[in-house]
Amino acid sequence: MSDGLAAPRPFGLRQYLICLQGIVWREGLRFLHQRERFVSALVRPLVWLFIFAAGFRQTLGISIIPPYETYVLYEVFITPGLMAMIQLFNGMQSSLSMVYDREMGSMRMLLVSPAPRWFLLTSKLIAGVAVSILQVYAYLVIAYFWEIEPPTWWGYLTVLPALALSGLMLGALGMVLSSLIKQLENFAGVMNFVIFPMFFASSALYPIWRVREGSPWLAFVCELNPFTHAVELIRFAFYQKIEPVSLAVVVGCTLVFLAGAIFAYDPARGMLMRRGG
Amino acid sequence: MNDSLRDTTPDALSVEGVSHSYGDRLALDDVSFAIAPATFAVLLGLNGAGKSTLFSVITHLYASRAGAIRIFGRDVARESGAALAQLGVVFQQRTLDPDLTVEQNLLYHGALHGIGRRETRARQALLLARFGLADRARDRARYLSGGQMRRIEIARALLHRPHLLLLDEPTAGLDIEARADILFLVRDLVRADGIGVLWTTHLVDEVSDEDHVVILHKGRRLANDRARVVMKSAGARSIGEAFTTLTGGGRDESAA
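Protein chains in written order, with our numbering: chain Z, 1 to 277; chain U, 278 to 533.
Please note: incorrect hints may appear among the correct ones.
Restraint ranges, calculated between C-beta atoms of paired labels, are given here [as the list claims (entries may be wrong)]:
1. U/ALA449 with Z/PHE50: 46 to 56 Å
2. U/ASP307 with Z/ARG35: 46 to 56 Å
3. U/GLU487 with Z/PRO10: 43 to 53 Å
4. U/ALA449 with Z/SER215: 56 to 66 Å
The hints are simulated quantities; they were obtained by calculation from the structure and are not laboratory data.
Since the structure is predicted, the reported quantities are computational estimates derived from the model, not experimental observations.
Ideal placement from N, C-alpha and C gives every residue a C-beta, glycine not left out.
Excised from the complex, chain U in its bound form (with noise of 0.2 Å):
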C-alpha cells in the first residue's frame, strides 16, 4: 500500500506479488497492492489488461502461479473457506438463476453461505426493501430488467454480511440513468456501512478524485494510490488523462 493510503487497520486486500499465466501467455506479471477496509477502490485496465483474471484469481476460482492473496488477513489459498465468507462477490456475467424467482435465489446463496431459510429471509427483506426491490422478490428472475438485476446480485452479493465487495464491470452493459444508480448505491456501503471495495472497470468516469485507483496493463501494475496523487504523477488533470499517459493510449489484447 502506498503511504498516503496507509493507516492502522489490517488491510482489507492484500495481493502480493501475484503472476498468472495461460500456458506461455502472461496473463498477470509480479501484481501487488493493498486496499483498506470502508475503501473504495478501483481497479482500471482496459479490456484484457487482466482485470478478470486477477479477479477469478481472488475468488479463487483457480489459483495464482506465484503470489500471495490476503482478504483481511486469510490467505485465499490456504484458508479459503476464512477468506471467502468475508468476501462478497458480483461478477461482471449475469449470474442469476433467470428460472427461479429473486427470493430463490437469494435463498440458494444464503445456503452456499450456510444460512439458514429463516435468517436469509429476514436479511433479504432489509436487503430489498433498501435496493428498492422489495416488491420483485417473488418475481423470476428472467423478468427483472438489467439495472433490478446488477442490484440484485449487489444484495445477494451481501446477503452473508462480507466485509469486503467485489464488482467486475459492474456497469457493463447497463444505461447511464442504472450506471448512476449502481455507483450510488455501491459508495453508500462504503460510506454507511464501512464495506470495502474493490470496483473493477474500464470507464474513468466511474473515478472520483479521492478513490484508490489501481491501473493495470498488460498484466502490469502501473498505478496504486489515490487518484488525485495519480494525476498529480502522471502531470494529467483528469484520471483519463492520467491513464492515457501511463498506458501510452495504446490497447493491447495479450492478456486475458
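Same shape as in the complex, but just chain Z (with noise of 0.2 Å):
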C-alpha cells in the first residue's frame, strides 16, 4: 500500500487536468442527482416567461434598443434576462451546496487535496458554470418553441461564451457569499439581500431607459449592478454583437470576486480561519 518513503509526485499539467475533470464530473453528477433542482432552475424562467411576460407584454411598451433592430416582443426581450437569471440562482445554489459542503464535511476533502486551493476553488467554480450553461440551453431549447430564437442559429454559439463569463462572475460571488455564511439556516438572508435586489435592480426585466423615467438614482442603481452588464452581455451576444463596457465590468467584477473567495478561503487569511470553521 505505502510505496517506502518514495517523493510524493509532483502535480504536473496531467494532474491539474485529471483533477479539473474530477471536480466538474462530481458536479454534474450531483446536478443528475438532485433531479428537483433541474426541474425547479427550469420552471422559475418558463414561469416568468410564460405567465409574468404574457401578462405585461401589452403594459410594457419596449423601445427598439439597440442591439435590437426592430421593435421585439416583451419575451424576447426578457429571455437575456432570464437566461443571467438562470445563472445567478444557479451561483447561489453553488453558494448555498459549498456551506452544505462545510456543515457536512466533504468541502474539507476538497481543500485537503495536494492542488493549490486556488486552483481547487477555480475547477469548482468552473464546474458551476457548466452545469449552469446546461440549464440556459435547456430553457433555449423550449423558448424556442415559444419562438424566441436569436436572428440566426450562430447566435446560439455566439452567446456561449458570455454565459461563460458571466457564469463565471455570479459563480464566483456565489463563493464569496458562501464564505460569509456560517450556516445553512443563513442562507435565507441571500436570497433577500443578494438575489431579489440584484435581479430587480437591473435591465433583466425592463430596459434602463424605463427605469430612469421613473426614478434617476434606481437607474443609476441599475447601471452600476454587474448583474446588469451580465445580462447585457448575453443579449448582445444573443444577437451576435459584443457591448464592451459589459464585457469589461463582467470581466473585472469576475477577478475581484474570485480574488475575494481565494482569499476568503486561503487558510492563512481567510474569513474560515478566523471563525474556526
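Both chains are given apart, each in its own frame, so use the hints to dock them into the complex.
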C-alpha cells in the first residue's frame, strides 16, 4: 500500500487536468442526482416567460434599442435576463452547496487535496458554470418552441462565451458569499439581500431608460449593478454583437470576486480561519 | 521527540511550537511533538482540548498563528502540496458524498490527487477487497452502515498511497464491534504497510502500552512518550489513570 518513503509525485499538467475533470464530473453527477434542482432551475424562468411576460406584454412597451433593430416582443426582451437569472440562481445554489459541503465535511476533502487552493476553487467554479450553461440551453430549447430565438442560429454559439463569463462572475460571487455564511440557516438572507435586489435592480425585466423615467437614482443603481452587465453581455452576444462596457465590467467583477473567494478560503488569512470553520 | 522514541529515520510528523487562537481564545499553546514513521501514535484529550484545532492546522485547513508543522520534512505552510500528498485524512465528520456510490466517491478522491480513473479503479479494487467491502462498490454511500462508511473513508484516505494517516476520532458513534474492527484495521496498516498513524481520541481504552501517546489538555501538551513511560512517570497503573492524574481529572471546554 505505502510504497516506502518515495517523494510524492509532483502535481503536473496531467494531474491538474485530472483534478479539474474530477471536480466537474462530480458536480455534474450531483446535478443529475438532484432532479428537482434541474426542474426548478427550468421552471423558474419558464414561469416568468409564460406568465409574467404574457401579462406584461401589453403594459410595457419596448422601443427599439440596441442590439435590437426592430420592435421585439417583451418575451424576447426578457429572455437574456432570464438566461442570466438561471445563472444567478445557479451561482447562489453552488454557494448553498458549498455551505452544505462545509457543514457536512465534504468541503474538507476538497481542501486537503495537494492541488493549490486557488486551483480547487477555480475548478469548482468552472464546474458550476458548466452546469449553469446546460440549464440555460435547456431553457433555450423550450423558448425556441415559444418562437424566441436569435436572429440566426449562430446566436446560440456566440452567446456561449458570454454565458461562460457571466456564469463565472455570478459563481465567484456565490463563492464569496459562501465564505461569509456561517450556517445553512443564514442562507435565506442571501435570497433577500443579494438575489432579489440584483435581479430586480437590473435591466433583466425592463430597459434602463424606462427605469430612468420613473426613478433616475434607481436607474443609476441598475447601471452599477454587475448583473445588469451580465444581462447586457448575454443580450448582445445572442444577437452576435459585443457590448464592450458590459464585457469589461463582467471580466473585472469576475476577477475581483474570484480573488475575494480565494482570499476567503486561504488557510492563512481567510474568514474560515477567523471563525474556526 | 522523546529519547525513548528517537531513531534515525526522519519524522513522519513534526509539530514545533504550534499555537493557535480564535480571536482572544487560545486553542493551542506552544504544542510540540514528533511522530516517527510506521508508528501508531495517539493524540489523547478531552472534548475541547484542542485536538480538532490541531488536526485542522496539520491538514492545512487553516494556518497556525505560530510554529511549524512538517510532514516527512515538508513544511505544511510553505510546501502544502508536497506535504498533503503524503497525508491521508479521515475526519471525525462523515465526508463521503451520500448521493454518490462508493466507487464514485473514490474516483473523485483519486481525481483530487491527480490519479487517473484506470489507476484509481485498480487501487480501489485492492483496497475494497482488503477491507471486505468489494461487494459494496456500486452502492450509494448513504446505504452503508456507520462502520462500513468508516472503512470506506479509511480506504479512500489510503488511495493516493500516503505515508502518514491522520484519523480524527474515527470510532465516534460506532458500536463496540465496529470500533474494534476499525482499530485492528488501522493497527494492521502500521504493522503490514509501515504507515505512520496519528489517531485522535478521548477514549483511553483505544491506547495500548507500546503506543506513542501525546496528551493534550486546554490546548497544551502534557505528555509525549510511549504509553508505558507516561504511566510510569505519572505513577499510574493504566493510561486512563495517568491521563486523569495529568489533567487533574477536570474537564474544561475552553479550547476548541
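query = Does the structure break any of the earlier hints, and which numbers would those be?
reply = 3
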